[in-house]
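Chemist: Residues per chain, in single letters:
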Amino acid sequence: MTKFILKRVLTMIPVLLGVSLLVFVILSLAPGDPAVIIAGDYAEESILEETREELGLNQPLLLQWFRYVKDIVTKGDFGISWKTGKSVTESILERFPTTVLVAVLGAFFTAVLGIGTGIISAVKQYSIWDNLATMIGMIGVSMPNFFTGLLLVFVFAQRLKILPASGNSGWEYYVLPIITIAFSACAGQMRMTRSSMLEVMRQDYIRTARAKGQSERKIVMHHQLKNAMIPIITVVGQQFGILLGGSMIVEQIFSLPGVGKLMMDSINYRDYPMVRGSLLLLAFGFCTVNLLVDIAYAVVDPRIRSQFAKTKKKKAKEEAA
Amino acid sequence: MTGVKDFIRRLCKNRLTVVCLILFVLIVLAVIFANFIAPYGWDEGEVVNRYLAPSAEHLCGTDNYGRDIFSRILYGGRMSLEIGLISAVVTTVIGAIIGATSAYFGGKFDNVVMRVLDVFMAMPPILLAIAIAATLGTGMMNTMLAVIISGIPMKARVARGPVLALRNQEFVEAATASNSSTAKIIFKHIIPNILAPLIVQTTLSISGAIVSVAGLSFLGLGVQPPAPEWGAMLSAGRSYLRDYPWMVIAPGIAMLLTLFSLNIVGDGVRDALDPKLRD
Amino acid sequence: MEKETLLEIQDLTIQYCMHNRTVRAVNGVSLKIQKGETLGLVGETGAGKTTIALGILRLLQEPPAKIAGGRILYEGNDILKLPHHELRKIRGNKISMIFQDPMTALNPIDTVGEQIMEGILLHEKLSKKDAYRKACETLEMVGIPAERYHDYPHQFSGGMKQRIVIAMALVCRPELLLADEPTTALDVTIQAQVLDMITRIREELGTSMLLITHDLGVIADMCDRVAVIYAGRIVESGATEQIFNHTSHPYTVGLFGAIPTLDMTEDRLVPIDGLMPDPANLPDGCKFCPRCKKKMAVCEEREPDLSEIAPGHLVRCHLFAKNPPKDPPAADGQDSGKEGE
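Protein chains in written order, with my numbering: chain A, 3 to 323; chain B, 311 to 589; chain C, -17 to 323.
Isolated chain A, as found in the complex:
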């Protein structure tokens, strides 16, 4: 198991390198001369040239990328903001906890509510609860999160005046943002849980458990849910990506000072080092969650564990040969 995790962590390295290159290339194609952005519109050509030299902008792109990655790996240095001149790493780390808090709490409520209602829906298939949950789920999936967010602001902050609309000076500021991003993710989670539970319900081994005299409750909780967990976990991972994306919009609507808002502001200022750093950090978060998802698979499913054992044996054989 430790080896499985180690191997999986190692495969993450080339992917992260690839992501950094991708982000680097995309943003380097952005219009506008970085030197002009930094030095100002009316700077003299000599100053511009100096700036370019200083930032290594005259070097080939691959070399720039290589230096960028090297700085990150060796010094944890994501560069310097073109706008403020401050360290990108510092600015991002300052904002990171807010985003993590919203995303993790959002994911938590998504998982609990989504999986819970999904199970009830599947067990009581075609009941009124099932129909109701399916209907609300469909609305949740169809409702863009920026509309949900604005509606919540209108109702709870502006009309009922029971929750604040923007800011972050207390837990109550996080209620509406979390509901906003959890609502649609929750709906997706519920739909997946339901269909995966129904799929497992038809399997022969469920009938075997029943033939042993096992109680319905245990069949649902042990045999059915544990097997249905595999696709459910997949969706938890995907939903986390959607939550991270949603954090852009939610932080914008509720003026939460997270990485998403930082990135949007930086895009407006064309502060590309900041954009690059924020993007990479969010992608890194997404990869980490996917890593956790893969580990969770292996915990749940012995077949995945032994798949790894098999490749190991094969390699050992090849080496021996």
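If you are wondering where the hints come from, they were derived from the structure by calculation, not from laboratory data.
One should not assume that every hint holds.
[Claimed, not checked] Cut-off 27 Å, straight-line C-alpha distance, at most; resulting in silico cross-link-like pairs (BS3-like, lysine-lysine): (1) 228/A to 71/C; (2) 14/C to 228/A; (3) 220/A to 111/C; (4) 228/A to 110/C; (5) 111/C to 63/C; (6) 14/C to 76/C; (7) 220/A to 14/C; (8) 323/B to 48/C; (9) 418/B to 9/A; (10) 110/C to 220/A.
[As the list claims (entries may be wrong)] Simulated coverage check for chain C against chain A, where a stretch passes if three residues somewhere in it have a Cβ under 8 Å from a Cβ of chain A: (11) 75 to 83; (12) 131 to 144.
C-beta: ideal position from N, C-alpha, C; glycine also.
Fit chains B and C to the given chain A structure using the hints.
Modeler: Relative to the frame of chain A, chains B and C by itself:
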């Protein structure tokens, strides 16, 4: 022909699907004939008429420039549906071509393609779209491009599976053995066999594309005002939410209705084409 | 000498209700299983064999399945009327089942030992330690080393998996074993091994068995009595020798069709001309009459009742009815025909 009839019969088995199909067709018609239905032009308005609440004259009220919101929703719907449909089709087709060729040729080529896709998919699609949109700049074409590029990797993945399975089937091997050209095999044997899942994928991704484009516009990276794009309208109405909520609620509900009917129809199409659910 | 009856099925009727049609899978089937005996249930695919077995333990998916009538008496109680908690005390404890496909019958994410132990913990008041010991013993009993307790189903071959399924079924020493084509999914070489093992353990434990199969060779080897089922109806039943030596119903004759000798362990069924009728649209008269070579006018009009042609040997055919119709072809012609070959 019986296949089409059978498909329609099974699509219509679920009452909710039929209702949503009708609703969706109505929305599409209203949007296509916006010129005739809309009482006002999308950019036509008098400042004296601004912030009018919904009434018989202005079904959804007017905005901060006195423009009729109902008319803007209709014209905006044309834009959203156009963008959604084109993006969904282009994304699915390009994705399918990449996935299919990769799986068809297999080996190292497949391996390289899959690793590249892995990198793309290590970013949540909306983040990728934001990065691309930030680089390309605003406007309808650029936004669509951002949504298309960020959607392709997933579609390629989805198309790869069935082609991989098909490649090893006997009729494809037989065609290879009888010296058919690669292009002929792909177009005559592979494509027809993955058509059903492709149609399902396209249907299901239209709503996703609409939301992505609207989301980018909402963030200010997509279609720019004064164009009546739904996301842009919501974004513009944000500042007036407290006093003139119809500026947000009306386009929001239009989006919700469109996406809801589309999703239900998409599910219906999927179920109707699923051989496993055939009775 | 009449032995004690363990399970009696009376007039069992099971239907599958689809949205626009009703499939009549089992139509008024009556069976008796005596203590210690093995009853074979033979028939083509789709004849309703599995449905009967699942019906006995009420394992049918309801809906679409529906037990429309009849009684299943076990120790004098009607299983169909038992409350759920009583039913659970019977399942896996008094009556247990071996399923057709060992590949899918085991839960992929639990170790085989856990799956065997599950039944012990449900039905016997044993500590975890004792239950573990018993599970290991049961594994050894079916020929699997106890140290494989902690392995998962995907680490076993098909034959081994079926042994585990059998261990699961027998771990609580049930009185009745329902074996639903226990060897169809296995290689021919493994089939004999598994069947021998079932016979050995069954004799050790004194378990009765309902053996469902379409392999007459298996029937000859293992069964005391046989019931032949066609389109959800028992068409012939009796002691194994009676069925093999005095084959009477035209369908059973067809089943034996091309088999030259009585020693037919290696042979499989030979198809009869035509197909079984659509169970959603059964003929009014005898269900077999569209395919029957000895069809008479009365066969299309009225379904024959079971008639006893020898003590314990029942046949559902107008040829053997107590008041036979006017122009019966020679009834013993079939027997002699078959034996003469």
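Chemist: State for each hint whether it applies.
Modeler: Evaluated hints:
Restraint check for residue 228/A and residue 71/C: the C-alpha separation of about 25 Å stays at or below 27 Å, so the hint holds. At most 27 Å may separate the alpha-carbon atoms for a hinted pair to count; residue 14/C and residue 228/A exceed this at roughly 40 Å. Proposed proximity of residue 220/A and residue 111/C is supported: the alpha carbons are some 21 Å apart, at most 27 Å. Annotation: proposed proximity of residue 228/A to residue 110/C holds, straight-line Cα distance about 22 Å (limit 27 Å).
Note on residue 111/C and residue 63/C: the hinted pairing is violated, with a Cα-Cα distance of about 36 Å set against a maximum of 27 Å. The hinted pair formed by residue 14/C and residue 76/C meets the criterion: a straight-line CA distance of about 16 Å does not exceed 27 Å. Between residue 220/A and residue 14/C the CA atoms are separated by roughly 33 Å; this puts the pair beyond 27 Å, and the hint is violated. About 24 Å separates the Cα atoms of residue 323/B and residue 48/C, which keeps this hinted pair within 27 Å; it holds.
For the hint pairing residue 418/B with residue 9/A, the CA-to-CA distance comes to about 22 Å; that is within 27 Å, so the pair holds. At most 27 Å may separate the alpha-carbon atoms for a hinted pair to count; residue 110/C and residue 220/A meet this at roughly 18 Å. Figure legend: the stretch 75 to 83 of chain C, annotated as covered by chain A; annotation consistent (5 residues with Cβ-Cβ distances under 8 Å, at least 3 required). Under a criterion of three residues with beta carbons nearer than 8 Å to beta carbons of chain A, the stated coverage of the stretch 131 to 144 of chain C is upheld, 3 such residues being counted.
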